[in-house]
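> These are the residues of each chain, in order.
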Amino acid sequence: MGNCIQGCKDFFSRQKNTNIRLTLPVVCFFWQIAMIILFGVFIRYDEESDTHWVETKAHENITSDIENDFYFRYPSFQDVHVMIFVGFGFLMTFLKRYSFGAVGFNFLIASFGLQWALLMQGWFHSLDPHTGKIYIGVESLINADFCVAGCLIAYGAVLGKVSPVQLLVMTLFGITLFAVEEYIILNLLHARDAGGSMVIHTFGGYYGLSITWVLYRPNLHQSKRMQGSVYHSDTFAMIGTLFLWMFWPSFNSAITDHGDGQHRAAINTYLCLASTVLTTVAISSLSQKTGKLDMVHIQNSTLAGGVALGTAAEFMISPYGALIVGFFCGIISTMGYIFISPFLEKTLKIQDTCGIHNLHAMPGVIGGIVGAITAAAASESVYGKQGLINTFDFTGDFKDRTVLTQGGYQAAGMCVSIVFGVAGGAIVGSILKLPIWGDPADENCFDDEVYWELPDEEEEHQQSIPPILEYNNHMIHKQQDLSESNFSVEHCES
Amino acid sequence: MGNCIQGCKDFFSRQKNTNIRLTLPVVCFFWQIAMIILFGVFIRYDEESDTHWVETKAHENITSDIENDFYFRYPSFQDVHVMIFVGFGFLMTFLKRYSFGAVGFNFLIASFGLQWALLMQGWFHSLDPHTGKIYIGVESLINADFCVAGCLIAYGAVLGKVSPVQLLVMTLFGITLFAVEEYIILNLLHARDAGGSMVIHTFGGYYGLSITWVLYRPNLHQSKRMQGSVYHSDTFAMIGTLFLWMFWPSFNSAITDHGDGQHRAAINTYLCLASTVLTTVAISSLSQKTGKLDMVHIQNSTLAGGVALGTAAEFMISPYGALIVGFFCGIISTMGYIFISPFLEKTLKIQDTCGIHNLHAMPGVIGGIVGAITAAAASESVYGKQGLINTFDFTGDFKDRTVLTQGGYQAAGMCVSIVFGVAGGAIVGSILKLPIWGDPADENCFDDEVYWELPDEEEEHQQSIPPILEYNNHMIHKQQDLSESNFSVEHCES
Amino acid sequence: MGNCIQGCKDFFSRQKNTNIRLTLPVVCFFWQIAMIILFGVFIRYDEESDTHWVETKAHENITSDIENDFYFRYPSFQDVHVMIFVGFGFLMTFLKRYSFGAVGFNFLIASFGLQWALLMQGWFHSLDPHTGKIYIGVESLINADFCVAGCLIAYGAVLGKVSPVQLLVMTLFGITLFAVEEYIILNLLHARDAGGSMVIHTFGGYYGLSITWVLYRPNLHQSKRMQGSVYHSDTFAMIGTLFLWMFWPSFNSAITDHGDGQHRAAINTYLCLASTVLTTVAISSLSQKTGKLDMVHIQNSTLAGGVALGTAAEFMISPYGALIVGFFCGIISTMGYIFISPFLEKTLKIQDTCGIHNLHAMPGVIGGIVGAITAAAASESVYGKQGLINTFDFTGDFKDRTVLTQGGYQAAGMCVSIVFGVAGGAIVGSILKLPIWGDPADENCFDDEVYWELPDEEEEHQQSIPPILEYNNHMIHKQQDLSESNFSVEHCES
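Chains as they are written, first to last, in this note's numbering: chain Y, 2 to 495; chain R, 2 to 495; chain B, 2 to 495.
Worth flagging that the hints you see were computed from the coordinates, not collected in a lab.
Where hints are given, some of them may not hold.
The list cannot tell twin chains apart, which means a pair is met if one copy fits it or any two copies do.
List of simulated lysine-lysine pairs, BS3-like, C-alpha gap at most 30 Å [stated by the list, open to error]:
{"hint": "1", "residue 1": "Lys134", "residue 2": "Lys386"}
{"hint": "2", "residue 1": "Lys225", "residue 2": "Lys347"}
{"hint": "3", "residue 1": "Lys290", "residue 2": "Lys225"}
{"hint": "4", "residue 1": "Lys350", "residue 2": "Lys225"}
Only a predicted model underlies this, so the values are computations on that prediction, with no experimental measurement involved.
Just need the whole structure built from these sequences, with the hints factored in.
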């Protein structure tokens, strides 16, 4: 028994081996082949992307091709797609030597995740009971991207501290948990969450925080030298920030109702985000002695408004309501970076590389609450009779639901997402703790060197700083002269 | 009296204090709260973004949700949005140490400006006389972004020489002036200017030039070392250039008429910009002894064609007409960088950091003239009877206007925009001259250090140039050996 | 005779002169003026972008402006436009000192190319026999961008080794050849190739490889020090990669049939590309001793799936079919970088800077084969009767064609594109070999210095690495002390 415990201890504390030449290819190949087989069995084109569309059109009296859902949603889909790959990817390039890992692993796990998400979400939301098939269209692609977003948020918490294999495992389970909690929140509780304050951001945030809590590294300070940014890496990160910020109106409106639903969600998000920028700047400036701004805040907290309007964007929250949400989110998120993140790390042992607690978890919870309140306060006078039914989808089994009840279910959905995030993260974190995944040693965190062939920088520097080298060369000569003269002195001494 | 003058002099020449820890947060908070209150009083969803859309549809016999204006304009809106935040932001990152300020302050003032623009433009253009409300939809968002563009152009002239507080003040007044001149030009004079050659670019250009003229710094050469670019900052700037260039067809077509109007404006701008690139390259190459190209020209002058087609893009200028406009704009704008900018700085004391005179002011004036001529030359044989009415909106009060008269009013609009720019800029410049805004001293211009917490670069360089340091370390040892041997020599000497 | 040969030899081997101050401006001006004249003679707005659209609408019973082709294709057009200018441009910035040339020359030749393409494609595809005019709309713009893509692919092979004048010549002939082969493949053979596996990628790939083969430089190793990347240049290149990857679904669906055609092409490409990423990562990791990833593979091979689905994207290849194509393309393309590129360079003397053989030529051929097989395997049971006719355009002269015949013609199209690429490239390469185009010497390849005014970097480095310089300065003093002491020793010796 003692032996066993000792063996376990040895197993967990053995020298880190970051060689992933076996595990990474095996996981990639095996999973991709699994995807192909499962897609072969389950996934088909839906009626709007199938060549039979011409018959569907005739049958349903659709007069023009432009009424294909593709034209309602494709521009928003592409914006969301940019957010997932360029937005999340570049947002994480701020570390001085982890840009390849930030953009590259983001690319890898998103590409895997979206395939698995199409299957998981398909099984839960759109499996045809008669044919046993999942029919996909542009809305499925958006939902898959959304699902992936949850896992990329979680990546932000563990950025630089895990191997790509761990990330793939984290994504596999993350997508799975996502599909289940989404099913519970949207279908069973019938909560509304078009931009995913709860389903995406709260879940993703707590999932990541929980994982990084399990994977706590007491000696992370050993790679402290790598944990900062440099001037150009911060500029790269602003590419990510801006694409996320600009396209967030598309994110929140991508799967809302055709017509006024998409229109209103975009306007609300646009306004909310503008408001967030001003309060973020204000708090950031206040936090420094001379009023200087901190890039960390500008890169992250400016986005909190988009997160917090994820649920309520499609509601009649009214333009000034959107501004108010943004106002407080900018303050709270920036305060989070200043006060809460250090507290989490010191006291709760949560090492949150990108501060996802401030950008996703907290604003996500705020978004859930805002959504619940806005739903509970909805009235026929504001929405119109049909408008109320459309907005909250009070049809079928839910046709007698009141807005107050709806508010309650929204709050319940909020709790479900937190529970799934925390519990799911704890379990997945434990799996990731197994010392077989090739994660880096404490002193090699935040360093692309571990998983990437890096270009040899020497030559460039020889190019670009000739004066120094030249001077050094010059000194070598002098030195040699000196040595010789010394030698001669010594020589003559003897 | 003498005391007073002396006091004034002292007041204006006192030591620069760049501490903005009080002013910046106060301005941000106060203005954002004002926005919330004013939005609460005035701004509402328009009928296409309101839940009552379902009733509007029924009432107006609209058969499909796709006829919501959202689907006509949202893709163009997102392109314009990218131009405002990534385009303008990154275009200004060319300075070696002002990338944070370029992207970050651009982000700040655009976020404030668009809120204020929704109000100002609403009051002037779309205040409902019965309800006293402004109803906003996707077209309002585009117009707000356009309005902001005018102020961002002006930012280009003062880049690196002002504080963020000054920029916010400049934006507040800029948006206000913009809304007034726009009202005069588009509503009173009934000039057409869909892409804003006059309203946006001419006004914004002269507004900025006028401000920088008032804020003239005789000792700016003290920060000359910071006024150049470095290799990677020029590459970052190309991100801005390209997104502006690619999306300019969306800019010029975003608010033109549905159908052929948007279609034609996009085609014309696309062609015009392509033509500009070739002549820009030609002149840039001619300007150097060995025909080398200058990044400043490629980054800026290639965009002049888009500016110059802002008015005429929606007219039947014909494809080759668009090419001709682009042809001359590339030449004139590049010549401007080579000859006019140095002249403006030396003789007229106009220090124009980004050369907005060459990119916006001059091409904007050209655009106004092109618009006036094209309008005056319009004929029913080319446009068709209804086409002519649609294109120039010869309806209501203006239904009897001839194309010649229209040409005259276009030219008048041109003059209005120049007058507003120059006079407005002079007044606002004087306000900004007050020594309370925290602007940097002459020797600290173009330096992010003043307003941003900068990352500590030391460590990275120690990382990335080990050979040199290693060698240095090696030399220390040698040196010590030498010292010792020397010492021994001296010792033995004695 | 001997004299003549000697003269020729001298002519071809004379000292390289990279002064392009005469040739570049002359070519730019002359060609742009030619474009204006030809556009004046030939190019007009089509009926959907002409002010007569209001009459066309009435005549053709079109009920809404939204049925203008602009709204079907403009969002995709803008995505394609981003791929051409940011995608291709930034993908090539990976070299440490050729970012200006990569982005800048890409910008130049694309801007010229798209004008020439509108003419060439117009003459071949849409010249109105009655009026002798070419009528352009948004689909023409997309096709022009596609045509340009072929030449930008070829640029990838000769990146860093040619002058901008050579690039313009290469583009002039490339566009011309493209229009002819496209006419043969799409119109005469009636092959389908919406995303251009054959027409764009295979042709462009072999055109570039053939040119670089003719321009073989035996002493290219002399600029080997410039042929690598640095950390930030690789990060810039990822901007190009990601925008290409994300928008490839728009590329393959931009000109497919309205409705289900565009919808299905986007879904297929999205899936195919996701699959490619996983196998690229797997092979890249396998290729290194410790499983490290290589940025070259991630930047390039991840895109191979998009190329290979260019032909079949609009077919009913089914979601798992798309995944399978992506699966193999990731493997083959990455293998290409590891094994085939070195072989091509060593044995066949093909110096392919960006490895376009692995990213475009090979995957293009795969795409052609996949298209032929998928077409031959099409059945009425899968497509539906009308669906089959729509997808393969079995109308007019081709209304009796069977799918098997179609498969054969697809394969024939494939061969045509290879022949045009190889033969055309050989001829154009010979023209580019003339020593009048200002190409760089072997030791100056891959260096922006030759064609660009570069910023002076010295100052920045003095700024950013003070500790080293300081230390050096410190050493100077020590050194001097030593010298003096030595001197005193020597002095006392004498």
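> Each of the hints needs a verdict: does it hold here or not?
How the hints compare with the structure:
no. : hint             : in the structure
1   : Lys134 to Lys386 : between (36 Å within a copy, 23 Å between copies)
2   : Lys225 to Lys347 : within (15 Å within a copy, 45 Å between copies)
3   : Lys290 to Lys225 : both (24 Å within a copy, 28 Å between copies)
4   : Lys350 to Lys225 : within (16 Å within a copy, 48 Å between copies)
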